[in-house]
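Engineer: Got chain U; can you put chain F on it based on the hints?
These are the residues of each chain, in order.
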Amino acid sequence: MISQLRSLWLVFRHLFTPRVTVEYPDEKPYLAPRYRGRIVLTREPDGSERCVACNLCAVACPPDCISLQKAEDENGRWYPAYFRINFSRCIMCGLCEEACPTYAIQLTPDFEMCEYDRQNMVYEKEDLLISGTGKYHDYSFYGVAGKAVVGKDKGEAENEREPVDIRGLNL
Amino acid sequence: MSSSIFIQLVNIFGILTTIVLLAALLTWVERRLLGFWQDRPGPNRVGPFGLLQVVADMIKLFFKEDFIPRFADRPVFVLAPTLVMATMLLGFAVVPFAPGIGIVDLNVGLLFVLAMSSLAVYSVVLGAYASNNKYALLGGLRAAAQTVSYEVFMGISLMGVVMLAGSFNLRDIVAAQADGWFVLPQLLGFVIFFIAGIAESHRLPFDLPEAEHELTAGFHTEYSSMKFGMFFVGEYLSVILISALVTTLFLGGWLGPWLPPLVWFSLKTALLVCVFVLLRAALPRPRYDQLMQFGWKVLLPLSLANLLATGGILLWLQ
Chain U
1 MISQLRSLWL VFRHLFTPRV TVEYPDEKPY LAPRYRGRIV LTREPDGSER CVACNLCAVA
61 CPPDCISLQK AEDENGRWYP AYFRINFSRC IMCGLCEEAC PTYAIQLTPD FEMCEYDRQN
121 MVYEKEDLLI SGTGKYHDYS FYGVAGKAVV GKDKGEAENE REPVDIRGLN L
Chain F
1 MSSSIFIQLV NIFGILTTIV LLAALLTWVE RRLLGFWQDR PGPNRVGPFG LLQVVADMIK
61 LFFKEDFIPR FADRPVFVLA PTLVMATMLL GFAVVPFAPG IGIVDLNVGL LFVLAMSSLA
121 VYSVVLGAYA SNNKYALLGG LRAAAQTVSY EVFMGISLMG VVMLAGSFNL RDIVAAQADG
181 WFVLPQLLGF VIFFIAGIAE SHRLPFDLPE AEHELTAGFH TEYSSMKFGM FFVGEYLSVI
241 LISALVTTLF LGGWLGPWLP PLVWFSLKTA LLVCVFVLLR AALPRPRYDQ LMQFGWKVLL
301 PLSLANLLAT GGILLWLQ
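Going line by line, the protein sequences match chains U and F. Heads up: the first sequence runs through residues 1 to 171, numbered per the numbering used here. Heads up: the second sequence runs through residues 1 to 318, numbered per the numbering used here.
Excised from the complex, chain U in its bound form (with noise of 0.2 angstroms):
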């Protein structure tokens, strides 16, 4: 009885406590610039893609959301083709981020993204990529990267060393 009488008087106390619903479409809550919401191409800092078309987003996807094409342009860099996310099946894992060596995919704290027609959902590379550098503005992979393309070859790249020439060593 004492305890019936304790929680009413609990329960009458929550009349006067602050309520914790958050009315979501008129009060939007803050979401971390790391929240995974919907996904984006980035270019690099000099505005062209970040995107090498390695395929290790697709490869590391698990509900198998992502489809791309290889192509290369003439100064032997990688570039898709086409990049097609299908955001009806993606569940925001944020593994395609993980995996790209790139920083070229990126999530972001967007998630209102619904649609009347299920094929809208379904999103092109000139819906993904975005025009800014996203999450990490002076990362350039090409700039880093060991691989000699046209205008940059081997030992050229930023904190990177002359290649080792192992038929001049004596060793």
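There could be a bad hint or two in this list.
[As the list claims (entries may be wrong)] With beta-carbon atoms standing in for the labels, derived distance ranges:
no. : chain 1 : residue 1 : chain 2 : residue 2 : range
1   : U       : MET121    : F       : VAL275    : 45 to 55 angstroms
2   : F       : GLU65     : U       : GLN4      : 32 to 42 angstroms
3   : U       : VAL20     : F       : PRO75     : 48 to 58 angstroms
4   : F       : LEU25     : U       : TYR35     : 39 to 49 angstroms
[Stated by the list, open to error] To spell it out: a stretch of chain U is covered by chain F in this simulated footprint if at least three of its residues, at any positions, have a beta carbon under 8 angstroms from a beta carbon of chain F; those stretches are:
no. : segment
5   : 2–8
6   : 11–23
Hints in this document: simulated from the structure, not taken from any laboratory. Computed from a predicted model, the values in this text were never measured in an experiment. Think of the CB as a built atom: it goes at the ideal place given N, C-alpha and C, for glycine as much as any other residue.
Structural biologist: Chain F alone, transformed into the frame defined by chain U:
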């Protein structure tokens, strides 16, 4: 003569429509209050403070398919939800809202209300039986078991009030409380009657016939559309009826200083309705053998002792 008939008609229709509308509004009140007690806002989207939620629910219920299962006992199935509303509304006929407001002035008003609220259990039992559904039948069984355990002490707990007032007439009972509400001399009777009233209106913690966590929806599992709506309005009507009865019998009815009588009556009734909702928010449901044990082994002896003590003291004072 014709003017008195007119006043009578205004009384009848005014009270009945107000009561039914209030019962519908109570769905919103209950959900809002439950929300506050659970640290959330409750329905607040439709209209100011969500008040029009009632209208939205009504429209929704009216346009739902009115489904009667093929295996149901059709006439009884249709009759059952009307019973609870009819008996509850009849029960309001004798409630004295204020001097001059009230439908009839029966000299056995208290017995009439008890009879009507007891008849309402037929609605539950018949509805459950006619549904021809196992969950519904279990709900109906529980309703019957619950009824036999609380109806007895419900009546006995009120006899103390009747002895103090010397009348079964609800208006006389209110008038007898002019120099002190009966809640003080009859505190035990008040508590026992309130507990019985919760069981009577099948509200949590005694909503065993419905028990949505165990019996899907208990006795109204098979009901849909407005038939379901009528069960619900009936339940809220009985909440208001029990609150109004407690107000009349123990809390001095319309009596009170400064404010007009009707306001006092409404305030006390509304407070009790809020207590009903608070009970729902706070207390878990007992097993139904626990409820029966509690009724027969605790509350019945207590109410008998209360009856004996009240009678003895009254005789001693004379």
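Engineer: Do three or more residues of the segment 2–8 of chain U come closer than 8 angstroms to chain F, measuring C-beta to C-beta?
Structural biologist: Three-residue rule met by the segment 2–8 of chain U, so holds; n is 3.
Engineer: For the segment 11–23 of chain U, count the residues whose Cβ lies under 8 angstroms from any Cβ of chain F; is that count three or more?
Structural biologist: holds (count 10)
Engineer: Could you check the hint for me, namely that U:MET121 and F:VAL275 are 45 to 55 angstroms apart, CB to CB?
Structural biologist: Since the Cβ atoms of U:MET121 and F:VAL275 sit about 50 angstroms apart, the hinted range of 45 to 55 angstroms holds.
Engineer: Kindly confirm whether 32 to 42 angstroms is satisfied by the beta carbon distance between F:GLU65 and U:GLN4.
Structural biologist: 41 angstroms, holds
Engineer: Evaluate the given range 48 to 58 angstroms for the C-beta pair formed by U:VAL20 and F:PRO75.
Structural biologist: 49 angstroms, holds
Engineer: Is the distance from the Cβ of F:LEU25 to the Cβ of U:TYR35 consistent with 39 to 49 angstroms?
Structural biologist: Distance hint for F:LEU25, U:TYR35 holds at roughly 42 angstroms.
Comparing the model with each earlier hint shows no violations; every hint is respected.
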